[in-house]
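*Asks:* Heads up: the protein sequence lines correspond to chains A and B, in order. Using the numbering used here, the first residue of the first sequence is number 862, and each one after it goes up by one. Using the numbering used here, the first residue of the second sequence is number 106, and each one after it goes up by one.
Do not rely on the hints blindly, as some may be mistaken.
As the list claims (entries may be wrong) - Computed Cβ-Cβ distance ranges for the label pairs, DEER-style:
1. B:S140 x A:L910: 33 to 43 Å
2. A:D937 x B:A176: 42 to 52 Å
3. A:L910 x B:P223: 39 to 49 Å
4. A:D958 x B:A220: 19 to 29 Å
Because the hints were derived from the structure by calculation, they are not lab data. Glycine is no exception: its CB is placed at the ideal position from the N, C-alpha and C atoms.
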Amino acid sequence: MTTRRGVLGLDPAACTVCMLCVRDCPDWCITIEGHQERVAPEGGGRSRLVNVLDAFTIDFGLCMYCGICVEVCPHDALRWAPAVDYPAADADGLVHDLPQLAAWWPGRDAFER
Amino acid sequence: VTSITADARSVDAAAWRDSVAAALDDGYRFLALYSAVDQDPNGLEVLLHLLDVEVRPLRGVALQVALPADAPSVPSLADLLPTAAWHERELHEMFGIAFPGHPGLEPLLLPPGFAGHPLRKSFPLAGRAAAWPGDADPSGRVRRSGPLGRPGAPR
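Bound conformation, chain A alone (with noise of 0.2 Å):
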């Protein structure tokens, strides 16, 4: 199995705001915020409580790419994407947002984990 730890991609249709990744991060460097909506489902039946997406920031100034927010996310929405060279002016830069890592997002069958 290889994995190339270059970047991280994230898959916000998977994420179910969970919060996995942030409490087992070991220096803080993801925060997600969230919300929740009541959704009746197609075709009838009780409401369900879905939690919503509302921003993923992950500080790649403070990641040590140790692989931990991958290996724990049950839905796989986190992953190792190949983009080694995503340089920022400050360190402000290296915060990259929802949109961000949605577009590092490599597909959910080009790697292995």
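Start from chain A and add chain B according to the hints.
*Replies:* Just chain B, lined up with the frame of chain A:
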């Protein structure tokens, strides 16, 4: 390597520049160390070690000046000793020491917008002050405070 602590002497802030100029005239032209120590609660101490590298074995002199913890200020040495300018920029950002006469005390090492003087003992350690991102929860409830195993975290 020579022992320079034998020559260490404490100088008044008012006589600081004259003492350094006299040491430079005595041949101590090489700046070996220019730093400060926060002797909380007894104020700050600025240290200057100069070497004479023209002789063997090297000889050196150590000067120190005591400053108050609030609004510490000591005249700049940048015109006497050009290489002191960067050291004074570092002392200014790390300890908050003012150097009247310095050509420009802009931050040397700290990132733009950094607040505070991180080598002062009164500076809060970021690792203890930062909020744990895991406290956030989509339900709006705070489920626990701090990661498991963190010192001081409630069970």
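*Asks:* If a hint holds in the structure, say so; if it does not, say that too.
*Replies:* Verification of the supplied hints:
no.	hint	result
1	B:S140 x A:L910: 33 to 43 Å	violated (58 Å)
2	A:D937 x B:A176: 42 to 52 Å	violated (57 Å)
3	A:L910 x B:P223: 39 to 49 Å	holds (44 Å)
4	A:D958 x B:A220: 19 to 29 Å	holds (24 Å)
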